[in-house]
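*Asks:* In the UniProt record's numbering, the protein residues as written are 1 to 194.
Worth double-checking, as some hints may not be accurate.
[What the hints assert, rightly or not] Calculated cross-link-like contacts (lysine-lysine; reagent style DSSO-like; alpha-carbon spacing at most 30 Å): (1) K112 x K48; (2) K48 x K167; (3) K35 x K48; (4) K35 x K122; (5) K117 x K35; (6) K38 x K117; (7) K117 x K48; (8) K128 x K112; (9) K128 x K117; (10) K122 x K38; (11) K167 x K122; (12) K38 x K48; (13) K117 x K127; (14) K128 x K167; (15) K112 x K122; (16) K71 x K127; (17) K167 x K38; (18) K38 x K127; (19) K86 x K71; (20) K167 x K117.
Derived from the structure by calculation, the hints contain no laboratory data.
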Amino acid sequence: MEYAVDRRLCDFPGKVTANCNNITNIQRVENALDKHHKAMLRQSFVWKFHQVRRMQFSGQIIDNLLLRLLKSENTDELWFRLGDNKVARFSLMEFIIVTGLNAGNEDEVRPKIQRSKRLLNKYFNGKKTVTPVELESTFDACTTMEDKYKLGLVYILETMLRCKHHKTSIDVFCLDVVDNIEVFNAYPWVVGVL
Numbered sequence: 001m002e003y004a005v006d007r008r009l010c011d012f013p014g015k016v017t018a019n020c021n022n023i024t025n026i027q028r029v030e031n032a033l034d035k036h037h038k039a040m041l042r043q044s045f046v047w048k049f050h051q052v053r054r055m056q057f058s059g060q061i062i063d064n065l066l067l068r069l070l071k072s073e074n075t076d077e078l079w080f081r082l083g084d085n086k087v088a089r090f091s092l093m094e095f096i097i098v099t100g101l102n103a104g105n106e107d108e109v110r111p112k113i114q115r116s117k118r119l120l121n122k123y124f125n126g127k128k129t130v131t132p133v134e135l136e137s138t139f140d141a142c143t144t145m146e147d148k149y150k151l152g153l154v155y156i157l158e159t160m161l162r163c164k165h166h167k168t169s170i171d172v173f174c175l176d177v178v179d180n181i182e183v184f185n186a187y188p189w190v191v192g193v194l
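Construct the complete structure from the given sequences, taking the supplied hints into account.
*Replies:* Set out below in structure tokens:
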């Protein structure tokens, strides 16, 4: 297997940065909720990422891994050369095992879900696009605890798990589906797995 990155780039200093400096958002959401909704948050699928807030991002490790990235025909896998003859694979399957997220074919599941535009209409005037900044300010201003909890779940999903840049749009589908908490927690947030 050949390297995915031109080896000449190894001679140049690089810096890996992350848009996902939002790992404290789960704590922020928890602190804004009442006792009942905190308990619900702890039962949600996003709570497994509560421990991530203690991890430190290492750009050097990511940079070194990327320089060892190998070309692969399978777009669901990353292969790395980690020594003279050692090759390691990280695929969607390993990602699912590590994160514990539900996986499935989104194209099959999404059309079957009954969508509610209630949150989108009530808090965002039915807009087609909502930015993470708008979601955050709406979450902060929300006085209805049930809605605050649901907006908080979407806020965590979009800013922590999906690492949306503050100027990009969130997937408003999340606002539609979060009104049914059971469906939201069971939804296959990891897609493309057979």
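*Asks:* Could you work out which earlier hints the structure fails to respect and list their numbers in ascending sequence?
*Replies:* Hint 16 contradicted; others consistent.
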